[in-house]
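Participant: What follows is each chain in one-letter form.
Protein chains: 2
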Amino acid sequence: MTNKGVFDLKGYLTDKKAIVDKALHTYFPQPEGPASDVIRAMRYSLFAGGKRLRPILCMGGSEAVGGSGTDVLPVACSLELIHTYSLIHDDLPVMDDDDLRRGKPTNHKVFGEAVAMLAGDGLLTEAFHLITAEELSDHIPPRAILKVVRMIARAAGYGGMVGGQVVDIQWEGKTADFPVVEYIHTHKTGAMITASVTSGAMLAGGDKSQLQAITSYGEKIGLAFQIADDILDIVGDSEAMGKTAGADEQKGKMTYPSVLGLEKSKKMQSELVNSAVDSLKEFDRGAEPLRQIAQYVIERKK
Amino acid sequence: MTNKGVFDLKGYLTDKKAIVDKALHTYFPQPEGPASDVIRAMRYSLFAGGKRLRPILCMGGSEAVGGSGTDVLPVACSLELIHTYSLIHDDLPVMDDDDLRRGKPTNHKVFGEAVAMLAGDGLLTEAFHLITAEELSDHIPPRAILKVVRMIARAAGYGGMVGGQVVDIQWEGKTADFPVVEYIHTHKTGAMITASVTSGAMLAGGDKSQLQAITSYGEKIGLAFQIADDILDIVGDSEAMGKTAGADEQKGKMTYPSVLGLEKSKKMQSELVNSAVDSLKEFDRGAEPLRQIAQYVIERKK
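As they're listed, the protein sequences go chains E and U. The first sequence runs 1 to 302 under my numbering. The second sequence runs 1 to 302 under my numbering.
It is worth saying that the hints were derived from the structure and are not from the lab.
In silico contact screen, one side only, chain U against chain E (beta carbon under 10 angstroms); selected entries:
#1 38
#2 42
#3 108
#4 116
#5 120
#6 127
#7 143
#8 145
#9 148
#10 154
#11 158
#12 165
#13 166
All C-beta atoms, glycine included, are put in the ideal place defined by N, C-alpha and C.
Construct all of the structure, not just a fragment, from the sequences and the given hints.
Facilitator: Structure follows, in structure tokens:
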């Protein structure tokens with residue numbers, strides 16, 4: 001906040017990203033020992049310049065219900081590990097076969113496919129090691145942590161992200177209707193974004209109606225985020241994004257613009273953002289970061 | 001046990017395998033919905049006729065410290081999910097490139113590489129969903145469950161199984177010395193076997209000295225198990241194993257026989273088994289299954 005009480009989103013995102021980056025460096029070992037290559041590969045993608053949106057949403061969820069944000073730091077970081085693993089596996093030749101990610105060669109281009117796949121496996125596994133850190137169970141009831149582990153595992157698994165990825169791959173190059181693209185987006189991206197913000201609020205002790213509101217917020221910005229990604233792929237700047245614009249169309253990916261058209265997709269993302277902000281109307285200024293992030297999600301350039 | 005009090009290992013393994021198989025069918029959904037292919041792929045490998053050794057060790061760990069065995073069933077099953085994921089990823093062309101597993105075509109041969117990789121990801125993720133089932137936290141302290149999640153994640157991750165896999169791949173076709181092959185075996189196989197038996201004992205309330213003894217037992221049979229695998233690959237029968245004998249040598253894998261020779265390897269596995277059984281000398285007959293399993297580990301034909 002500035003001294004005028006106007007919320008400074010840019011400063012908030014910068015501060016929170018720095019906190020997450022520092023924590024990830026603490027949690028993550030330096031590459032040493034016989035398996036140092038896989039540690040190097042994990043670190044390569046983990047520190048490749050991600051926005052840390054999921055950790056920030058987790059901390060924002062905590063703040064919205066009166067938590068400190070940093071009280072949920074290990075879980076916030078674990079979400080970034082899961083996100084990073086999903087990008088590494090998604091980029092592999094058997095999946096999207098991408099050479100660039102955030103302007104850098106993808107993991108398998110640097111470390112080879114076998115080590116890249118294992119680095120993804122290692123990150124996903126390490127996420128659950130981190131969530132269960134004693135640092136967390138010192139001040140948060142173990143039963144609440146178990147619930148959060150369960151929720152995150154569901155959101156990341158076949159009923160969430162993995163389910164979305166498999167449908168995404170299987171419909172490539174085919175003509176699908178709206179329910180299919182909605183399934184892909186809500187599962188591949190939406191489920192983990194929703195779990196991110198909800199986990200923060202759950203761990204910080206949000207009550208039932210607060211958690212419902214936060215979950216509704218998460219579902220809406222999760223979908224808006226993916227529609228924004230689809231739109232960026234059409235109108236965005238390759239350099240700013242660090243990946244090739246137009247890649248979705250080239251691969252025959254199911255996207256909102258391909259099914260609904262560009263204008264209707266833009267209208268839909270705006271409506272989702274308004275509706276997400278509206279979900280938070282009962283919250284005080286502790287939810288201001290989440291309100292502002294909703295807008296940021298569709299205005300970002302990368 | 002028979003009425004003469006002689007422990008019937010074969011009956012014990014059959015009974016326990018049936019319990020695990022039944023539970024896995026209950027926990028695991030039927031393939032339906034848009035992502036049904038990945039569920040089908042997960043089920044294909046999960047129900048491909050595994051021995052269920054890790055779940056049985058977990059239940060045996062519980063029984064050794066006075067638990068019922070079935071009290072830890074969700075965790076026991078989650079260990080099989082992790083094991084199955086590791087086999088699917090290991091069999092992929094970028095890793096070991098195997099066509100047969102347990103006498104059936106490997107996962108990617110049936111479902112394609114993308115779905116197979118995602119099926120592995122889905123199984124690993126679902127394991128952590130299952131460990132945190134309320135069915136477990138109803139009767140086991142949540143803090144103990146968190147500790148077990150943490151231990152299993154460590155054993156499965158870059159400091160355990162994933163670390164072992166990456167070194168295994170990287171040393172293929174090269175000449176290594178004893179420390180490398182020891183690292184591969186203790187990490188790739190040993191870590192999860194140790195975590196299996198220890199998790200059961202931890203959840204069932206084993207005390208510190210019991211857990212130390214059980215962990216020592218696990219480390220020894222874990223290594224003995226992998227040496228036995230190496231030996232089976234040389235002297236075993238392809239049909240009984242459901243995979244091609246001699247594959248390790250063909251691929252230039254680091255094995256105990258390749259580094260120490262066959263006779264020395266056989267001697268070593270026997271010594272490990274004796275030492276494992278010796279670790280359990282303070283336990284009563286509740287540990288009889290574990291004692292017998294130690295011997296079974298090196299006498300099995302597949």
